[in-house]
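In order, the protein sequence lines correspond to chains E and R. Start counting the first sequence at 174; every next residue gets the next number (our numbering). Start counting the second sequence at 894; every next residue gets the next number (our numbering).
Honestly, the hints are just simulated from the structure, not real lab data. Wrong hints could be hidden among the right ones.
[Said to hold, decoys possible] Straight-line C-alpha distance at most 16 Å; calculated EDC-like pairs for lysine to aspartate or glutamate: (1) Lys-1051(R) x Asp-471(E); (2) Lys-314(E) x Glu-461(E); (3) Lys-531(E) x Glu-542(E); (4) Lys-558(E) x Glu-523(E); (5) Lys-1061(R) x Glu-330(E); (6) Lys-1051(R) x Glu-461(E); (7) Lys-1061(R) x Glu-529(E); (8) Lys-313(E) x Glu-330(E); (9) Lys-981(R) x Glu-238(E); (10) Lys-205(E) x Asp-296(E); (11) Lys-1051(R) x Asp-456(E); (12) Lys-313(E) x Asp-478(E); (13) Lys-1051(R) x Glu-463(E); (14) Lys-262(E) x Glu-238(E); (15) Lys-262(E) x Glu-233(E); (16) Lys-981(R) x Glu-483(E); (17) Lys-1053(R) x Glu-542(E); (18) Lys-486(E) x Asp-278(E); (19) Lys-1053(R) x Glu-463(E); (20) Lys-183(E) x Asp-278(E); (21) Lys-1053(R) x Glu-461(E); (22) Lys-205(E) x Glu-330(E); (23) Lys-302(E) x Asp-573(E); (24) Lys-1061(R) x Glu-483(E); (25) Lys-1053(R) x Asp-478(E).
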Amino acid sequence: MITVIGLNHKTAEVELRERLAFNGPKLEEGLKELAGHPLIKEVFIISTCNRVELYLHSKEDISEELINFLSSFHSIESQTLRKSLYIMKNMDAVRHLFRVASSLDSMVVGEPQILGQVKDAFDFALERKTTGLILNTLVKKAISAAKRVRTETRIAENAVSISYAAVELAKKIFEDLSTKSFMLLGAGEMAELAARHLITNGVRAVTVANRTYERGCELAKEFNGRAIRFEDFPEELIHTDIVICSTGASRYVVTKEQMHHVMKERRHRPVFLIDISVPRNIDPAINEIENVYLYDIDDLQGVVDANMLERKKEAERAENIINEEVEKFEKWFNSLDSVPTIVALRKRAEEIKETELKDFFNKFPSMDEREKKAVIQLATVIVNKLIHPPTAALKNDSEDKDILIATIKKLYSLNGEDE
Amino acid sequence: MGTILFEIALTLYFAAAIVSMVELWMGSRATSRPVIYIAIGGFFFHTVSIVLRYFQGGYLPVTNLHEASSFYAWAILVLFFFLESRYKLGLLGCFIMPLIFVLMLSSSLLPRELKPLNPLLRSYWLPVHTFLAFLGNAAFALSFVIGIMYLVQEYYLKSKHPSGLFSKLPSLQSLDEINYRLITLGFPLLSLAIITGAVWSETAFGTYWRWDPKETWSLITWFIYALLLHARLVAGWRGRRAAFLSILGFIFVMFTFFGVTLLLKTYHGFKG
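With the hints as constraints, model all of the structure from the sequences given.
This is how it looks when you write it as structure tokens:
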């Protein structure tokens, strides 16, 4: 039985998630303790800031014991835990992991880190040999499902934060950001973040104009740029392609007339103005000027919202892919049952017997009925004797039955349909 | 044989135009790859049909409107494939194929009979003059399409609702720059076509300029592109204005091409 037990950003507050986290030495300890349990065959633990999840392959349902384990391991009252924990079994657990790996269960749907976190969590367990055939295959399939989602849907495209949206827009106005100049007008946390994104995306010539010149110098140093006095910024506008403005002034610091003049001076080369100050510092009417693209904080938020909506639509397509992948996994998982394997093995043996007998009789058409009967009997006895030991082993409920089944399927190539 | 090849090319271009429309309608999931594959197929048959016609007639097949229109589509595609391999302008294929199809459809509806060449046109100037004119006009056709793409992309940015095709269209800067480059290619070609035409006219009729409607309208077109280049270089007219002017210029190109031949009296060969 495959089980997942855990909690995430939707079911638990950050305080509880922190207390339940398996970080540092706790992860190794927890894995060891779980792997030592007689009913647990395989286990791995995903522990990130947004989720803590235990994936297990066990002989029978051990949900209660798992809750008790979590509660005693982290010394949290089990009543508190129960309210936030979810437990899913078999294909529901499989679907859950596939959705997690594909970032459909993330706080920001489509964010790319989670797949790496799943891989790391699994590798950690793999190195400590707490996983086996089932969970190894499960994670392998989860990764390929996530990759399918990534390539077949646009779930990870489109910026979903304001500063990324600004970079995305800049790239549609200018072809090559590394040849563009950039000015930070005023400072502020969000302005600096957006500036940083622009710089990591190639912008090189950076100018900082801040009301307090010293602070401007500090920032300029950090961005590898230069600082100018705030009063000098209108002159600098003429040589600037991208401006992020956040001055905290209560009126417009850039007016339409001023911008008309700037555009004439710069021979109408395009300008991208990002005004993230509230109240706004750049006259919104400036957007009417040709080759000027002005976005304020609400405009950027609008872009982000639209992208979020797009992601949600893509998420629906992703769910279909997940369903397909879960179905495939289910087929494989069920095929690990001993009965269908015995049937398949027997069928394969019968097929071989029938073809060989047919060939044989064609070669010796002169045989009479009695002789034929004897040959058939001989073939049947040989086949039965040969397949008896594997069949008996499969019927026997042994410890490593899954591996045995997988091995027999491989040896007799009974895996016709999957992969 | 040539006719069948022409029909195959026309059918493939039709398919490419339909696929283009579907792709553009798909918005953020659009891609021009399938369109380009179909177009390459069409272009292959198209090229063979032009070559066959050249050997049947013994002259460059541009002397009646059927031939000229098909040759024009062909020239645009040559230039398009060149641009595509060099700059990878997203979705250009989807924007260009409807135009190619319209040109080919017009060509297919016009009389196709192969006539012996008018002795007046029997000259080395024929391939030189027409080739320059067609290549120049092909550059203008592409600049028209890129101008439209520019306006679409600019609309997305100015309206502050970047959605639909926004993520698939190239940046404004690259659209504007390539538009400019195409016009700097088309303009000298058109100038040379006019000059070679004048020289040819002198050797054939003894006069450089006869105010034939085709000559007049070519000159008007030339002035529009001259204005466009001048405004760009002197007054910094770029972006939207340049895009508008390249669209306007192409309207004149089309009128000179079809309008003059069909509506006005001209000795220019397209009527055969």
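Out of the numbered hints, which ones does the structure contradict?
2, 7, 8, 9, 12, 16, 17, 22
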